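The residues making up each chain are set out below.
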Amino acid sequence: DGGITQSPKYLFRKEGQNVTLSCEQNLNHDAMYWYRQDPGQGLRLIYYSQIVNDFQKGDIAEGYSVSREKKESFPLTVTSAQKNPTAFYLCASTPRQGLGQPQHFGDGTRLSIL
Amino acid sequence: AQSVAQPEDQVNVAEGNPLTVKCTYSVSGNPYLFWYVQYPNRGLQFLLKYITGDNLVKGSYGFEAEFNKSQTSFHLKKPSALVSDSALYFCAVNPWANNNDMRFGAGTRLTVKP
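In order, the protein sequences belong to chains A and B. Numbers in my numbering are just positions in the first sequence, counted from 1, shifted up by 341. Numbers in my numbering are just positions in the second sequence, counted from 1, shifted up by 28.
Since the hints were made in silico from the structure, they are not lab data. Keep in mind that the hints are not guaranteed to be accurate.
[What the hints assert, rightly or not] Per label pair, the in silico range of CB-to-CB distance:
1) B:R70 with A:P436: 17 to 23 Å
2) A:K411 with B:K97: 38 to 44 Å
3) B:G90 with A:K411: 34 to 40 Å
4) A:N394 with B:S98: 42 to 48 Å
5) B:P68 with A:S363: 17 to 23 Å
6) B:R137 with A:R451: 14 to 20 Å
[To be verified] In silico SDA-like links for lysine to any residue, alpha-carbon gap of 20 Å or less:
7) A:K350 with B:D129
8) B:K50 with A:K350
9) A:K350 with B:S31
10) A:K412 with A:G344
11) B:K86 with A:G441
12) A:K398 with B:D129
13) A:K398 with B:P123
14) B:K50 with A:Q382
15) A:K350 with B:P68
16) B:K50 with A:G383
17) A:K398 with B:S31
18) B:K77 with A:P436
19) B:K77 with A:R437
20) A:K350 with B:K97
21) A:K398 with B:Q30
22) B:K86 with A:Q442
23) B:K50 with A:K412
24) B:K97 with A:L368
25) A:K412 with A:T346
26) A:K398 with B:A29
[To be verified] Chain B is nowhere near these chain A residues, computed Cβ spacing over 10 Å in every case:
27) S363
28) L368
29) G383
30) A402
31) G404
32) P416
33) A422
34) P426
35) D448
No experiment lies behind these values; they were computed from the predicted model shown. Glycine residues also receive a C-beta, built at the ideal position from the N, C-alpha and C atoms.
Next up, chain A with everything else stripped away, as it sits in the complex (with noise of 0.2 Å):
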């Protein structure tokens, strides 16, 4: 079945270490989002790519950074710079950007501070 898988499910971030979140998509789909939840604060926006080797910053981005090249690979790395980390993180992906078309999400990486 086609999907997205992310991976690790936990993590664990010792102080002034980085960590890549891996995102993985075999549904052929164009665009990918990076999101951070929070309780009480709904999914806010980190980046986003709608093609392999472009991407773009959302609400949220200091601190992170990613890559795209890959169409199918869309990795998330929290530096040292992101001060509060401890969230959940939500990979989606939609077919094609500008057709209303809902996002398919993976299954999270939740990420603490040790």
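Take the given structure of chain A and dock chain B to it, following the hints.
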């Protein structure tokens, strides 16, 4: 700027009773509206969307939503609630199919008691 509000953090209903989860939106131009459901430690699952046409939209698992342009609302409804409907529900809006600008509400936790 577009936004969406879910005025209730929590909704409690008895099994078998009808349920309503409220959503209001603010957007320039025609809105594309979505409802998603999230179970614990899982990603969001798409339930239904309104693009155009009939104001009553039917979706997955017996859910439906009513679009009301004059009240800028898109309330989620189900005639008879199940205990298994207990979850976190998110309303989302984007203006005229610009998926890069999807705005999510803060979520409403629905609890259905037997």
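The hints, checked one at a time:
1. Under the hint 17 to 23 Å, the C-beta atoms of B:R70 and A:P436, about 22 Å apart, fit the expected range.
2. At about 42 Å, the beta-carbon gap between A:K411 and B:K97 stays in the expected band of 38 to 44 Å.
3. Range check, B:G90 to A:K411: about 39 Å between beta-carbon atoms, so the 34 to 40 Å window is met.
4. As the Cβ distance of A:N394 to B:S98 is approximately 45 Å, the hint placing it in 42 to 48 Å holds.
5. At roughly 22 Å, the beta carbons of B:P68 and A:S363 sit within the given window of 17 to 23 Å.
6. A hinted range of 14 to 20 Å for the beta carbons of B:R137 and A:R451 is consistent with their spacing of about 18 Å.
7. At roughly 26 Å between alpha-carbon atoms, A:K350 and B:D129 are farther apart than 20 Å, so this suggested pair is violated.
8. Note on B:K50 and A:K350: the hinted pairing is violated, with a Cα-Cα distance of about 31 Å set against a maximum of 20 Å.
9. Straight-line distance between C-alpha atoms of A:K350 and B:S31 comes to about 30 Å, which puts the hinted pair past the 20 Å bound.
10. For the suggested pair A:K412 and A:G344, the alpha carbons sit about 14 Å apart, so the restraint of at most 20 Å is met.
11. Proposed proximity of B:K86 and A:G441 is supported: the alpha carbons are some 17 Å apart, at most 20 Å.
12. For the hint pairing A:K398 with B:D129, the CA-to-CA distance comes to about 11 Å; that is within 20 Å, so the pair holds.
13. With a CA separation close to 19 Å, the supplied pair A:K398 and B:P123 stays within the 20 Å bound.
14. For a cut-off of 20 Å, the pair hint linking B:K50 to A:Q382 stands: about 16 Å separates their Cα positions.
15. At most 20 Å may separate the alpha-carbon atoms for a hinted pair to count; A:K350 and B:P68 meet this at roughly 13 Å.
16. For the given pair, B:K50 sits about 15 Å from A:G383 by alpha-carbon distance, which is consistent with the 20 Å threshold.
17. Proximity of A:K398 to B:S31 is assessed by CA-CA distance (about 19 Å); at most 20 Å being required, the pair is judged to hold.
18. Using a Cα cut-off of 20 Å, the hinted pair B:K77 and A:P436 holds, with the two alpha carbons roughly 16 Å apart.
19. The straight-line distance between the Cα atoms of B:K77 and A:R437 is roughly 16 Å, inside the 20 Å bound, and the hint therefore holds.
20. Proposed proximity of A:K350 and B:K97 is contradicted: the alpha carbons are some 40 Å apart, above 20 Å.
21. Restraint check: the Cα-Cα separation between A:K398 and B:Q30 comes to about 18 Å, which is no more than 20 Å; the hinted pair holds.
22. Distance check on the hinted pair: B:K86 and A:Q442 sit about 16 Å apart at the alpha-carbon level, within 20 Å; holds.
23. A hinted pair counts as satisfied when its Cα atoms are at most 20 Å apart, and B:K50 with A:K412 does not qualify at roughly 37 Å.
24. For the hint pairing B:K97 with A:L368, the CA-to-CA distance comes to about 34 Å; that exceeds 20 Å, so the pair is violated.
25. About 14 Å separates the Cα atoms of A:K412 and A:T346, which keeps this hinted pair within 20 Å; it holds.
26. The hinted pair formed by A:K398 and B:A29 meets the criterion: a straight-line CA distance of about 17 Å does not exceed 20 Å.
27. Chain B leaves A:S363 outside its interface by the beta-carbon criterion, the shortest separation being 14 Å against a cut-off of 10 Å.
28. Consistency note on A:L368: stated as away from chain B, and its beta-carbon is indeed over 10 Å from all of that chain's, at 13 Å minimum.
29. Here A:G383 does not stay apart from chain B, with its beta-carbon only about 4 Å from theirs, under the 10 Å limit.
30. Distance check for A:A402 against chain B: the nearest CB is about 13 Å away, which clears 10 Å, and the non-interface claim stands.
31. With a cut of 10 Å on Cβ distances, A:G404 stays outside the contact zone with chain B, its closest approach being about 20 Å.
32. No beta-carbon of chain B comes within 10 Å of the beta-carbon of A:P416; the shortest separation is about 17 Å.
33. The claim that A:A422 is not at the interface with chain B holds, since no C-beta of that chain comes within 10 Å of its own (minimum 24 Å).
34. With 10 Å as the threshold on Cβ separation, the claim that A:P426 sits away from chain B holds: the shortest Cβ distance comes to roughly 18 Å.
35. Chain B draws A:D448 into its interface by the beta-carbon criterion, the shortest separation being 5 Å against a cut-off of 10 Å.
Of the numbered hints stated above, those contradicted by the structure are hints 7, 8, 9, 20, 23, 24, 29 and 35, listed in ascending order.
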